[in-house]
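These are the residues of each chain, in order.
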Amino acid sequence: MNRKGRSLADFRLAILAFFIFFVLFIYSSLNLKNVDLGYRQHELLLAEKKLRLEIDSLLARRAELLNLERMEKIVVEKLGYQYPEAGQIIKVIEDDNE
Amino acid sequence: MNRNRQGKKRFFVLSIFFFIWIFLIAFKLFNMQVLDYTTYMAKVKAQTNRIEELHSKRGTISDRKGEILAISLLSKSAFISNKDNALSLAVFKKICALLALGNSQKINVIKRIRRGEKFIWIKRKLTDDEFLQVKALALSKDVAGTIDFVDEYRRVYPQKKIASHILGGVGIDEQALGGIETSLDSEIKGRGGKLKVLIDARKKIFQFKYMEQPVTGRDIHLSIDAALQFFVERELAAAVEKYQAAGGAVIVISSRDGQVLAMASNPDYCPENIWRTPMPVLKNKALSFLYDPGSTFKVILAASALENRICGRQEMFDCHNGVYMIRDRQITDVHPFARLSFDDIIIHSSNIGAVKIGQRLGGKKYFQTIQKFGFGRRTGILLPAEENGILNALKQWSGVSLAFLSFGYEIAVTPLQMAAAFNVLASGGFFIRPDIIMNDTPGGSQARVLSAANQRRLTEILTAAVSRGTGKKAGIPGLEIAGKTGTAHKVKRGKYARSYVSSFGGFFPAHDPQVTVFVMIDEPQGLYFGGEVAAPVFKAIAGKIMLYLKLFPDMPAENEIRI
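Note that the protein sequences, when read in sequence, are chains D and L. Under our numbering, the first residue of the first sequence carries the number -5, and numbering increases by one thereafter. Under our numbering, the first residue of the second sequence carries the number 4, and numbering increases by one thereafter.
For the record, the hints were derived by calculation from the structure and aren't laboratory data. Please read these numbers as outputs of a predicted model, since none were measured by experiment. Fair warning: there could be bad hints in the mix.
Unchecked claim - Cross-link-like lysine-lysine pairs, in silico, DSBU-like; alpha carbons within 30 Å at most:
1. Lys46/L x Lys199/L
2. Lys547/L x Lys163/L
3. Lys46/L x Lys67/D
4. Lys163/L x Lys44/D
5. Lys48/L x Lys44/D
6. Lys199/L x Lys27/D
7. Lys72/D x Lys164/L
8. Lys27/D x Lys206/L
9. Lys207/L x Lys44/D
10. Lys43/D x Lys163/L
11. Lys164/L x Lys367/L
12. Lys85/D x Lys547/L
Using the sequences and the hints, build the whole thing.
Given below as structure tokens:
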């Protein structure tokens, strides 16, 4: 093999090595990306779950605050409203905005 | 030269060591990757692969306006991971200072620690405040991993006692123990799932896959209105207290579609404590309480008489001045009359007049009408423990059965059946199955049992029963109410006893019914007539409903109404 033929063989070998390196690089990069996305996906799943729990918790809190006995207590004791007596005449104010 | 040879020798020796080292590594790798592949792979999987159980969350229950009545929240349950009995006992002593634990519970935990059990519950489903307190203790150095927590769902009923008999409740493991929680349990509870995860050395998940997708329980929208339910329960409780009654029930139905707007049963309980509530209290009297309806049942008799055209409305019947004998049985009227018209028999609730109508009607026709009005079988409402009622087959009737059935004896009904029967008149003559769940197409199951003309006639009679008959105390000036009172002896040990059930059924506005209400008070003390006990409860509830649903009577001058 002459000098020119040897350098061509070396070049091919270098190309092959580069190609193998490139494939391995892509493969490992994708794998690392996959793992990274896995972490992210799980974090998002946990965040979603946390938000759902928080929503439920807030809904429950809202419902507790709107508990009718509590509301009645506030209306009667703090605001001083009273239920109408039997036979009492009350005036109905119709709200056009409703 | 000599030095060069010595250098080569050293290089040769080092090379040998290097190759041996490389060989050992290669051998080890070969051993790990090929020969012991399965063993090491199993270890890797054990360290990185986990299967996580995903708990299903019970669906949320809300009323027709979306107000939450039951919701599941994630909570922490605390347990002792017992590695050292002395340490565990010391830690538990500290926990006792933080949490309100019962004496028997404390003794139980101490016994289990002394027995050396490894896993001991301290308290399940801690509240947020309790968790924060116990967590602070668990993180302190001297506790050293003795306290740990697991996630569990906790069922919360924000309205506390409101609608307790409809909701039911769940046990500590979220198992349904009554009410809608039981009847729709398979839909509400959902299904747990499994998640296969890969974790790293820091125990962080970097890959996961659902082996079984969890299914969250279905959210349920009830037809009830929490505010109406509150008013109704309040009025019922007040009446039960006032008359020292054994209990009672009230049902409010939307007349047109049969949707239950409120269903109260007294005594009531808090659904969060259902597991420690006595059985008799858990009974939903609206659909499990059987009683002889008494005079409210005359409405069914009148409907049957009108449908079968056995008499005219103004036809007079001999009422024997309040005492009448059938075979060896004496039938009496509270208010004696010599003669009454068909209308007045219902308006003044004459038992003897009802017997006379029943006799003319005949057993077969009356029995058919009773069946058409839904008696003797469950209404089919989606709540557990509904009773069928007792309606004897026609061939089992004795010589006095027809007479007694004419004024509401020899039959056992539930308040819900009576409410559904009154709703036949309010809905224009249709029997509509009462529904507790909000439907897109309410009132789907309808069957005509009364002609429109007879429904109007009967409504007129019942309106008169409130304006000038036994139901006067149910009347609200300006609001047309149609209704009927009922008073009946209770059956105790197979005999009619001197204790009573008072009831009142009605609907309003009579010319365009929107709401049907049935009130039953069980064993009132002192006063016991339906017109004295149940009618005022009806009035109080009707007044509240009138204001809440804005069913105002024809507005008098300056928009003033008397309630």
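Hint consistency between Lys46/L and Lys199/L [alpha-carbon to alpha-carbon, up to 30 Å]: Holds, because 16 Å separates the two Cα atoms, which is no more than 30 Å.
Agreement of Lys85/D and Lys547/L with the hint, judged by alpha carbon distance not exceeding 30 Å: Between Lys85/D and Lys547/L the Cα gap is close to 15 Å, so the pair holds against 30 Å.
30 Å Cα cutoff - pair Lys46/L, Lys67/D: Measuring from Cα to Cα gives roughly 63 Å; hence the hint is violated.
30 Å limit on alpha-carbon distance, applied to hinted pair Lys207/L and Lys44/D: holds (17 Å)
Restraint status (C-alpha distance of Lys27/D to Lys206/L at most 30 Å): holds (19 Å)
Given pair status - Lys367/L, Lys164/L, alpha carbons within 30 Å: Judged against 30 Å, a Cα distance of about 45 Å means the pair is violated.
Agreement of Lys72/D and Lys164/L with the hint, judged by alpha carbon distance not exceeding 30 Å: Distance of about 23 Å is within 30 Å: holds.
Hinted pair Lys48/L and Lys44/D, Cα distance within 30 Å: holds (28 Å)
Hinted pair Lys163/L and Lys44/D, Cα distance within 30 Å: holds (26 Å)
Pair hint outcome, Lys43/D versus Lys163/L [Cα-Cα no greater than 30 Å]: Holds, at roughly 27 Å.
Distance restraint between Lys199/L and Lys27/D, which requires alpha-carbon spacing of 30 Å or less: Given pair Lys199/L, Lys27/D holds - Cα atoms ~20 Å apart, limit 30 Å.
30 Å Cα cutoff - pair Lys547/L, Lys163/L: holds (21 Å)
Consistency note: the structure conflicts with the earlier hints numbered 3, 11.
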